[in-house]
Amino acid sequence: MTGNILMRAISVSLAGGAISLDRTAAFQTMVSRPLVTAPLIGWILGNPLMGLAIGIILELLFIGDLPVGTHIPVNETGLAVVITSIIATALDAMGGPGIHEVRYFGVTGALLLFPPVLLLVIPLNAVYQWADALTRRINARFFHSASRSLESGIPVNLMKENMKGLVLFFLTGSAALFITLLPLTIAASYIGSFIKMPFFFFFALAGCVVLGVTAALNAVSTDRSLVIFTVAWLSAALYWVVLG
Amino acid sequence: MIRTRSILKVFLGSFFLQASWSFEKMQGLGFAAAISPAIKDVFNGGGSFISAMRRHLAFYNAHPYMASPVLGASIRLEEKGKNGECPADAGARLKTMVMGPYGALGDSFFWGSVRPLASYLGVLSAILWGLWGILVFLAVYNVFHLWMRWDGLVKGYRLGEGVVGYVKSLELPKWSIRLRYVAAAVLGFFFSIAAFNLAERGVMSWHLKYNYAWVSAGILLAFAAVMSLNVFLKRGVSIARLVYIVVVPLILLGVIFR
Chain D
10 MTGNILMRAI SVSLAGGAIS LDRTAAFQTM VSRPLVTAPL IGWILGNPLM
60 GLAIGIILEL LFIGDLPVGT HIPVNETGLA VVITSIIATA LDAMGGPGIH
110 EVRYFGVTGA LLLFPPVLLL VIPLNAVYQW ADALTRRINA RFFHSASRSL
160 ESGIPVNLMK ENMKGLVLFF LTGSAALFIT LLPLTIAASY IGSFIKMPFF
210 FFFALAGCVV LGVTAALNAV STDRSLVIFT VAWLSAALYW VVLG
Chain G
0 MIRTRSILKV FLGSFFLQAS WSFEKMQGLG FAAAISPAIK DVFNGGGSFI
50 SAMRRHLAFY NAHPYMASPV LGASIRLEEK GKNGECPADA GARLKTMVMG
100 PYGALGDSFF WGSVRPLASY LGVLSAILWG LWGILVFLAV YNVFHLWMRW
150 DGLVKGYRLG EGVVGYVKSL ELPKWSIRLR YVAAAVLGFF FSIAAFNLAE
200 RGVMSWHLKY NYAWVSAGIL LAFAAVMSLN VFLKRGVSIA RLVYIVVVPL
250 ILLGVIFR
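Just so you know, the sequences run in chain order D and G. Under our numbering, the first residue of the first sequence carries the number 10, and numbering increases by one thereafter. Under our numbering, the first residue of the second sequence carries the number 0, and numbering increases by one thereafter.
Keep in mind that the hints were calculated from the coordinates and are not lab data. There may be inaccurate statements among the hints.
[Claimed, not checked] Derived lysine-lysine pairs resembling BS3-like cross-links, with alpha carbons at most 25 Å apart:
1) 173/D / 39/G
2) 169/D / 8/G
3) 154/G / 173/G
4) 8/G / 173/G
5) 173/D / 8/G
6) 154/G / 81/G
7) 154/G / 39/G
8) 169/D / 173/G
With the rest of the complex left out, here is chain G (with noise of 0.2 Å):
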């Protein structure tokens, strides 16, 4: 019977997961290390606790929240395993079978669009209200992740195998898509607000007569660049490239016209 500290263990130990990154085990140490207070619960030590280990220090790499439900289903497994209900290496074996899908989906979900999401918010908070916004960024983006965190580890643990059916079960493709058309909508928002303020601020600096359509020019023009420069990222031109095109002839720009 796993102890209720041991799975708090397995939580707080899924935060060090990449720990010891590398390029050939990848979170192989992390994964092996998270487990193991659960492992030993399971064998109470000695060496069948040993072979259950050299099972789960091996090749592992999956998106880092997405190995939540993972560890949760594979210490079922193990359970189920010594108690011969299934074969005793079934959970090292869900590990590398859903690894792959598993880090697809979760950088898409996490990394693509509740991340940006979060990030647009924070932004946009913080020129309405300064550091609150910093607050508004870290509070939306870690309620998912602390969900994905402890939900998946005790639905794992809960489900074993039927795990796969769960992480299934919340759609995340279809989240993710929809998740990005608010950060898009929040985008907007920013960017007219940034867009205003700047081409008032350019009116008076270019010390030309104040009026709207100066203004309202100058937010069209900022329009106008977002989607010539969109062309070039899509076609693969990297944003540090991209830094070096754009800046470089704004700052001479700056300098012959002061």
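For reference, chain D alone in the conformation it holds in the complex (with noise of 0.2 Å):
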């Protein structure tokens, strides 16, 4: 068991590091925003529409805070990878058949451990953070090296000094998910061999969406989209009430 864990940590955390690595060093093609990371991860461990389920919440939770100017957000990209990973091994430890399946009120037994799950990571935040700080800081040296030997009339292979600091990315994010993930998974593990599904965490839940919903609409503020977004709201609740 405790094997099985440790290896699920592992393959957990390399490819968070991996896709970590779009959030700033390569790509930006946004395959790290918790929409497609939560799945991905939900995939490795057997249940991406767990994943999928998850990275709703927390895309719209985080959709708003920018990586502008020398601003490093909240890593939306790690907790959306340990937030999966700690549901599903909890479900796991719960057992039943079908326990991934299970349904409660019409939503999916996963989300109503949600939110006691997100209160717990969120301060997590912080390591990530001081990795990618890190990194940026040890970053540094490459340009130096690279300015010295140029300075020095020797031809440098520039690609080959800016690659140390994807390689530097992924190593200290994949080290940064490990430390912080093997522990929670284990604890999971352990609370989930004796808890119910916490059906009582449905108005938490709520609160949750109605939360991601707000800071979806703060990040898309204009003079007018509060307006158009009622009109919308309004015109869908109609046809649901009225013609639903």
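Since each chain sits alone in its own frame, please combine them into the complex, following the hints.
And the structure:
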């Protein structure tokens, strides 16, 4: 069991470290957004739809935190990796036939674990930000090394020097994920073995969705956004209530 | 003459512009690494190549996609500089001149508008069609992203310093606002569907007699909650803090009434 959890933590951390490269170091194709990351991690752990449900809420919650200037935003990729992994482990520990498919009041059981796990992992963002900041400080050395060579008239392979930063981002990202993921996964496996599905978290889950929509609305704030949002909401609500 | 292969290498290199991002020099090394295959073509290696690379290995920071037009224009200006049509450092000077404005333009357009729009379309698609929502999100976002990476580079190379006029002609700030309007509408539709489902299930979880009055009340309550919480965010309360302010009491409420 412990060996299984260890292997799981290693594979998820490496996958998470690779996906995290998309945040800053390479591509920026948005595969590092929670909407993609959480289902990918869910797929590795055997339940992509659970990951998708988690990813939707995280995506909305953190869409407005932008990497502008030197500001390092909340590492929503790290949060998506850890939350999905903890919930999948807890569900496995709860056991029983079809535990991943269990629904309470139409909501997938996995999502009911989301609010308390979210509260637990938000402080871990400090670890990911610290690892990110450390990488960004060390990266300056590659610049200076290349600069010294050019100043001395020595040709230098700048692509290779640049890629050292990429490797460093991957190593620190994966390590930060692993050191936070392993203890929490072990704890989730232990706690999951003696708890039942906490359906009373339903209201907290609804609160997370409402808060996510608020954060998302704030992210596209303009002079008319609120009016457009309200009209669209009202049109669809009328459709559901009157015609639906 | 720049080979097509070198332009392709610059294009690929632009995806790694931030690979060695540092607080001190930001994208400086990434920019120099990306442009190096084309500069090698311009100067055929040798001492002039090293001098040119010294000019480009400097502090640089802009939005990563908006570096593409700058890369293209800098290559063109290095060519012109070699032929004596402009000062040798014209490319490096252009780069320094536009990085600030292009950073702000890119942040506002890509991070502030395209990403939310793609994200909300992805989220809406995900609740309607499951995992296909991921593809919708990635497709919508990367149409804009890859267009700027490739077209920006090619136009930059073709126009040289004229790239400034090209970027201006795109009217990104205007489009940024329009995309936000569309994003707000998509979010409104999503919220209506989500609120309806949650209200309906909430009514069932409270063992209330199911009727549309209860469900409507639930939807209205959710809308009122969004409007109230929006005030907190507008006043600068961080989303992480707001999560605790909202979720902890709701967990306690659930525990009390279970």
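Evaluation of the provided hints:
Using a Cα cut-off of 25 Å, the hinted pair residue 173/D and residue 39/G holds, with the two alpha carbons roughly 21 Å apart. At roughly 14 Å between alpha-carbon atoms, residue 169/D and residue 8/G fall within 25 Å of each other, so this suggested pair holds. Among the hinted pairs, residue 154/G with residue 173/G is consistent with the structure: their alpha-carbon atoms are about 21 Å apart, no more than 25 Å. Distance check on the hinted pair: residue 8/G and residue 173/G sit about 32 Å apart at the alpha-carbon level, beyond 25 Å; violated.
Between residue 173/D and residue 8/G the alpha-carbon distance is near 18 Å, which keeps this suggested pair within the 25 Å criterion. Only pairs whose Cα atoms come within 25 Å are accepted, and residue 154/G paired with residue 81/G is accepted, the gap being roughly 20 Å. Our distance criterion of 25 Å between C-alpha atoms is met by residue 154/G and residue 39/G, whose separation comes to about 20 Å. Taking the CA atoms of residue 169/D and residue 173/G, the gap is about 39 Å. The hint is violated against a cut of 25 Å.
When held up to the earlier numbered hints, the structure conflicts with 4, 8 and fits the remainder.
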